[in-house]
Amino acid sequence: MGIDKRQSRPSKKRTTPSSVNPYIRVLVKIYRFLARRATCPFNKVILKRLMMSRTNRHPVSTSKLALAMRKKVNKDNIAVVVADVTNDNRRLFIPKMRVCALRFTKMARKSIEAAGGECLTFDQLALLAPKGSKCTLLRGKKSHRKVVRQYGAPGKPGDHATPKLGNRAGAHMRGRKHEKARGRRKSRAWKVRA
24 MGIDKRQSRP SKKRTTPSSV NPYIRVLVKI YRFLARRATC PFNKVILKRL MMSRTNRHPV
84 STSKLALAMR KKVNKDNIAV VVADVTNDNR RLFIPKMRVC ALRFTKMARK SIEAAGGECL
144 TFDQLALLAP KGSKCTLLRG KKSHRKVVRQ YGAPGKPGDH ATPKLGNRAG AHMRGRKHEK
204 ARGRRKSRAW KVRA
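Per our numbering, numbering through the sequence shown is continuous, rising by one, with the last residue being 217.
There could be a bad hint or two in this list.
Across the chosen pairs, the derived CB separations fall in these ranges [unchecked claim]:
(1) Gly175 - Pro40: 24 to 34 Å
(2) Asp27 - Leu150: 20 to 30 Å
(3) Asn79 - Thr128: 47 to 57 Å
(4) Pro118 - Lys209: 48 to 58 Å
(5) Met130 - Arg172: 16 to 26 Å
(6) Thr62 - Ala212: 30 to 40 Å
(7) Arg168 - Phe56: 27 to 37 Å
Straight-line alpha carbon distances no greater than 20 Å define the calculated EDC-like cross-link-like pairs of lysine to aspartate or glutamate that follow [to be verified]:
(8) Lys133 - Asp107
(9) Lys164 - Asp107
(10) Lys129 - Asp111
In case anyone wonders, no lab produced these hints; they're calculated from the structure. For glycine and all other residues, C-beta sits at the position ideal for the given N, C-alpha and C.
All chains, please: the whole structure from these sequences, using the hints.
Shown next as C-alpha cells:
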C-alpha cells in the first residue's frame, strides 16, 4: 500500500535556518524544543523569526524600544527583538529596560546599561521566561531597510527608486549622472518617457 502524495503544492515553510552562524543554530535547537514542549505560541514565533533570512530580521533602534516600553502594560516586561538593536543618537534619555536581542551594537549596549537596564541573550531568556511571560515581542519596520530604496523602476516618472548600480566599475562615483542613471537619461542606456 502506497502513501498518498500531498495534493496541494509543497510547503515553503522554513524548517532550518539559512544562517551558518553556530549561535543561531543552537538557539533554533533550544526554541524548537521549547515550541514543542510549551503550549504557548511565544516560542513558536521566536523559532519562526530565528529561521528568517537576515534581510527579514529588521533592526530596532533604542528610541523605538523606549517608545514601546514606556506604555504602562509593558513597564516591567522584557523587550524581545529577534534582530539587532542599534543606537539612536538623537534620543538623549533612555528609560531603564530589559532587552533581549540577537545582537547589540556597542553604543546601544552602552546606553541601555548606562540607564540601569539589562542586555539579555536568547539562551538567558529561555531560562528566565520559557513560556514568554512578562515579555513583549517587537520587530523593526520593513521599509527601514537600505535595499527598499531600490524597489520600483528607477526611470518611471513619479517613482523615487534609486538606480541599482551594484559593484560595477565606478559604482562608488555617485555623482550627477550616476544618481540619475539607467532609465533617467539617454546617455545612460535609455530614458523612460512619461
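Status of each hint after checking the structure:
{"no.": "1", "hint": "Gly175 - Pro40: 24 to 34 Å", "verdict": "holds (30 Å)"}
{"no.": "2", "hint": "Asp27 - Leu150: 20 to 30 Å", "verdict": "violated (43 Å)"}
{"no.": "3", "hint": "Asn79 - Thr128: 47 to 57 Å", "verdict": "violated (19 Å)"}
{"no.": "4", "hint": "Pro118 - Lys209: 48 to 58 Å", "verdict": "holds (55 Å)"}
{"no.": "5", "hint": "Met130 - Arg172: 16 to 26 Å", "verdict": "holds (24 Å)"}
{"no.": "6", "hint": "Thr62 - Ala212: 30 to 40 Å", "verdict": "violated (57 Å)"}
{"no.": "7", "hint": "Arg168 - Phe56: 27 to 37 Å", "verdict": "holds (31 Å)"}
{"no.": "8", "hint": "Lys133 - Asp107", "verdict": "holds (14 Å)"}
{"no.": "9", "hint": "Lys164 - Asp107", "verdict": "holds (12 Å)"}
{"no.": "10", "hint": "Lys129 - Asp111", "verdict": "holds (12 Å)"}
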